[in-house]
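Participant: Please take these sequences and the hints and turn them into a complete structure.
Spelled out, the chains give:
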Amino acid sequence: MMQVVYEKTKGLTDKQTHYCPGCTHGVIHKLVGEVLVELGVLGKSVGVAPVGCSVLAYDYFNCDMHEAAHGRAPAVATGIKRVLPDHTVFTYQGDGDLASIGTAEIIHAAHRGEKFTTIFVNNAIYGMTGGQMAPTTLIGQKATTSPYGRDKATTGMPLKVSEMMATIDGAAFVERVSVHDVPNIRKAKKAIKKAFQVQIDGTGFGIVEILSNCPTNWGITPVDSLTWLKENMIPYYPLGNFRTPEEGK
Amino acid sequence: MSKTLMKGNEALGAAAIQAGCKYFFGYPITPQNELPEYMSRELPNIEGGAFVQAESEVAAINMIYGAAGAGARCMTSSSSPGMALKQEGISYIAGAELPAVIVNISRGGPGLGGIQPSQADYFQSTRGGGNGDYRHLVYAPATIQEAVDLVMEAFDVADYYRNPVIVIGDGMIGQMMEPVEFKEQKKRELPAKDWATTGTNGERKPNIINSLALDPAELEKHNQKLSRKYKEMEEKEVRHEDYRLEDAELVFVAYGTTSRITRNVVDALRDEGIKVGMIRPITLWPFPMAAIQNVPDSTKALLSVEMSEGQMIDDVKIAIEGRIPAYHYGRSGGMIPVPEDIMEKAKEILGGVK
Ligand SMILES: Cc1ncc(C[n+]2csc(CCOP(=O)(O)OP(=O)(O)O)c2C)c(N)n1
Ligand code: SF4
Ligand SMILES: [Mg+2]
Numbered sequence: 001m002m003q004v005v006y007e008k009t010k011g012l013t014d015k016q017t018h019y020c021p022g023c024t025h026g027v028i029h030k031l032v033g034e035v036l037v038e039l040g041v042l043g044k045s046v047g048v049a050p051v052g053c054s055v056l057a058y059d060y061f062n063c064d065m066h067e068a069a070h071g072r073a074p075a076v077a078t079g080i081k082r083v084l085p086d087h088t089v090f091t092y093q094g095d096g097d098l099a100s101i102g103t104a105e106i107i108h109a110a111h112r113g114e115k116f117t118t119i120f121v122n123n124a125i126y127g128m129t130g131g132q133m134a135p136t137t138l139i140g141q142k143a144t145t146s147p148y149g150r151d152k153a154t155t156g157m158p159l160k161v162s163e164m165m166a167t168i169d170g171a172a173f174v175e176r177v178s179v180h181d182v183p184n185i186r187k188a189k190k191a192i193k194k195a196f197q198v199q200i201d202g203t204g205f206g207i208v209e210i211l212s213n214c215p216t217n218w219g220i221t222p223v224d225s226l227t228w229l230k231e232n233m234i235p236y237y238p239l240g241n242f243r244t245p246e247e248g249k
Numbered sequence: 001m002s003k004t005l006m007k008g009n010e011a012l013g014a015a016a017i018q019a020g021c022k023y024f025f026g027y028p029i030t031p032q033n034e035l036p037e038y039m040s041r042e043l044p045n046i047e048g049g050a051f052v053q054a055e056s057e058v059a060a061i062n063m064i065y066g067a068a069g070a071g072a073r074c075m076t077s078s079s080s081p082g083m084a085l086k087q088e089g090i091s092y093i094a095g096a097e098l099p100a101v102i103v104n105i106s107r108g109g110p111g112l113g114g115i116q117p118s119q120a121d122y123f124q125s126t127r128g129g130g131n132g133d134y135r136h137l138v139y140a141p142a143t144i145q146e147a148v149d150l151v152m153e154a155f156d157v158a159d160y161y162r163n164p165v166i167v168i169g170d171g172m173i174g175q176m177m178e179p180v181e182f183k184e185q186k187k188r189e190l191p192a193k194d195w196a197t198t199g200t201n202g203e204r205k206p207n208i209i210n211s212l213a214l215d216p217a218e219l220e221k222h223n224q225k226l227s228r229k230y231k232e233m234e235e236k237e238v239r240h241e242d243y244r245l246e247d248a249e250l251v252f253v254a255y256g257t258t259s260r261i262t263r264n265v266v267d268a269l270r271d272e273g274i275k276v277g278m279i280r281p282i283t284l285w286p287f288p289m290a291a292i293q294n295v296p297d298s299t300k301a302l303l304s305v306e307m308s309e310g311q312m313i314d315d316v317k318i319a320i321e322g323r324i325p326a327y328h329y330g331r332s333g334g335m336i337p338v339p340e341d342i343m344e345k346a347k348e349i350l351g352g353v354k
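Chains as they are written, first to last, in our numbering: chain A, 1 to 249; chain B, 1 to 354.
Be aware that a few hints might be false.
If we take Cβ atoms under 8 Å as the criterion, some of the chain A residues that face chain B in the derived model are [stated by the list, open to error]:
1) Ser-45
2) Tyr-58
3) Asn-62
4) Cys-63
5) His-66
6) Ala-69
7) Arg-72
8) Ala-77
9) Arg-82
10) Leu-84
11) Ile-220
12) Asp-224
It is worth saying that the hints were derived from the structure and are not from the lab. Quick caveat, the model's predicted, so the values are computed rather than measured. Beta carbons: idealized from backbone N, C-alpha and C, even for Gly.
Facilitator: Structural data, given as structure tokens:
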């Protein structure tokens with residue numbers, strides 16, 4: 001008898017993704033898909049894809065999906081959730097999408113305590129448009145619009161989204177995780193599951209910031225990109241929980 | 001049913017609710033505030049209903065994109081500068097083929113402009129203020145009763161075509177009070193919203209609300225499909241009113257508030273024995289081209305009367321194809337044309353073309 005030891009989650013469709021080799025967008029998709037299945041909500045889930053490398057996420061998640069305008073996913077999710085309060089609604093957004101053009105939408109969705117979940121993929125770069133500087137690009141990091149390395153004097157410091165979200169009362173769950181190695185991938189999944197649970201419990205808005213890579217635009221190999229993430233991103237973007245609902249509340 | 005005296009903005013809200021609208025997303029801006037205020041009072045009392053004051057017009061229209069995609073009847077409203085911000089979302093809504101009703105109680109521009117009545121958003125609403133090849137119906141009521149009737153119909157039309165519909169009024173329509181009656185509307189046969197994102201329940205393939213098509217051939221096919229829909233609207237949805245057109249030598253073209261003033265001008269000039277009439281577009285898009293083309297043989301000139309420096313006049317000229325001279329008379333910035341000035345302009349033109 002053959003025994004199944006590993007199976008692709010039903011939370012994802014059979015479409016082959018378009019992500020570059022070694023890109024962790026794929027890992028994050030898998031985690032979200034698994035969580036939706038494990039929580040038993042896939043059939044009543046509605047996701048919102050961003051504009052960014054994950055723009056085609058609407059083809060990959062095996063549930064109803066919207067493709068939003070750049071940065072507007074939290075507003076779109078607000079509209080969906082108000083119409084379908086018993087459904088599970090999530091946005092999947094990059095750092096250009098969420099932390100630049102869509103800052104107003106994410107802050108106010110959290111501020112209103114909208115009961116949906118945001119998966120925020122921070123790869124410190126604009127992947128899709130070819131590696132321009134993002135608000136989250138590290139100081140000294142080279143990007144196509146910061147060719148000499150990001151300069152604090154003219155571009156400010158990288159935006160710490162989780163820390164900022166943690167100041168908003170409507171954000172019931174805020175956690176930053178990473179997917180650069182297996183133990184961290186496991187932790188990331190736990191955080192994603194908690195964030196969705198907070199939504200299911202009706203407690204408030206939840207966001208998981210996931211430090212991710214972009215070997216293509218960072219100009220390094222996939223393996224080196226994971227080391228680079230660990231050595232450069234985590235010191236500036238500390239991992240951990242910033243907000244969680246109190247037990248029993 | 002009896003008539004009630006209602007302010008335009010509130011009547012628009014009441015009509016929407018009557019038509020089954022349960023969700024409203026908006027951002028404050030004068031002179032349309034009474035509409036969201038009304039909705040914030042009424043919608044929470046309706047089961048499942050919700051009012052959300054969005055952080056911006058950009059957010060409000062994207063909430064509409066979400067709510068409409070989830071299958072709900074929903075509405076947003078704004079005024080000119082806010083409508084400018086909504087154009088991104090309107091383009092996406094048209095591209096993704098979602099039904100929505102959007103009210104513009106317009107004001108003077110450009111820029112922050114002013115808050116007095118204006119018709120300077122004609123281009124913005126009829127030309128597609130957002131990006132890409134798209135169209136949508138634009139209803140321009142001239143009375144509050146007509147505004148109520150058109151809003152109710154707009155929801156059906158939006159559902160029927162899966163396309164956004166704009167109802168445009170100026171500050172006058174929004175702010176004045178008139179008696180209105182909420183009449184039972186003729187209902188259209190509407191297709192089921194089997195495309196809505198209401199959850200697969202594990203029983204069907206995922207529904208996807210989307211306007212992205214990276215393959216140019218696929219996008220062109222989508223655009224051609226949209227075009228066929230817009231053609232159908234041009235064939236079936238044009239609305240206008242003819243007023244005292246028979247043997248008219250000069251035909252005014254005016255909509256909304258200016259059509260009310262122009263109607264009085266027509267009567268006053270007719271009293272003086274001057275043969276004039278009026279075509280009143282009720283849909284600004286599709287524009288009543290045929291009505292303009294079919295003016296009586298007696299017509300020597302057309303005069304577009306607008307609260308703008310000259311926008312609808314372009315459509316009048318496109319319609320008449322140079323066969324008859326077409327003129328424009330307009331006031332702008334919130335200034336309202338006075339009958340005497342319109343009469344003088346008409347007489348000047350008639351003197352000139354005689
Ligand atoms: C209104 C608008 N402005 C700009 C763009 C171009 N654009 C597409 S993706 C993108 C950046 C995406 O970066 P990010 O959100 O970090 O996602 P990533 O590709 O890195 O995953 C930009 C600027 C757009 N599509 N729409
Ligand atoms: S460009 Fe970067 S973020 Fe985008 S798919 Fe490739 S590696 Fe991933
Ligand atoms: Mg990015």
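Participant: Hints first: check each against the structure and report whether it holds.
Facilitator: Do the hints match the structure? See the list:
1. Ser-45: 7 Å, holds
2. Tyr-58: Holds, about 5 Å.
3. Asn-62: OK, holds: A/Asn-62 within 8 Å of chain B, min 6 Å.
4. Cys-63: With a minimum Cβ separation of about 6 Å from chain B (threshold 8 Å), the hint on A/Cys-63 holds.
5. His-66: 4 Å, holds
6. Ala-69: 5 Å, holds
7. Arg-72: Since the shortest Cβ distance to chain B is 4 Å, the answer is holds.
8. Ala-77: Cβ of A/Ala-77 sits 6 Å from chain B, so the hint holds.
9. Arg-82: 4 Å, holds
10. Leu-84: This interface hint holds because 5 Å falls under the 8 Å limit.
11. Ile-220: 27 Å, violated
12. Asp-224: 30 Å, violated
Against the hints set out earlier in the document, violations occur for numbers 11, 12.
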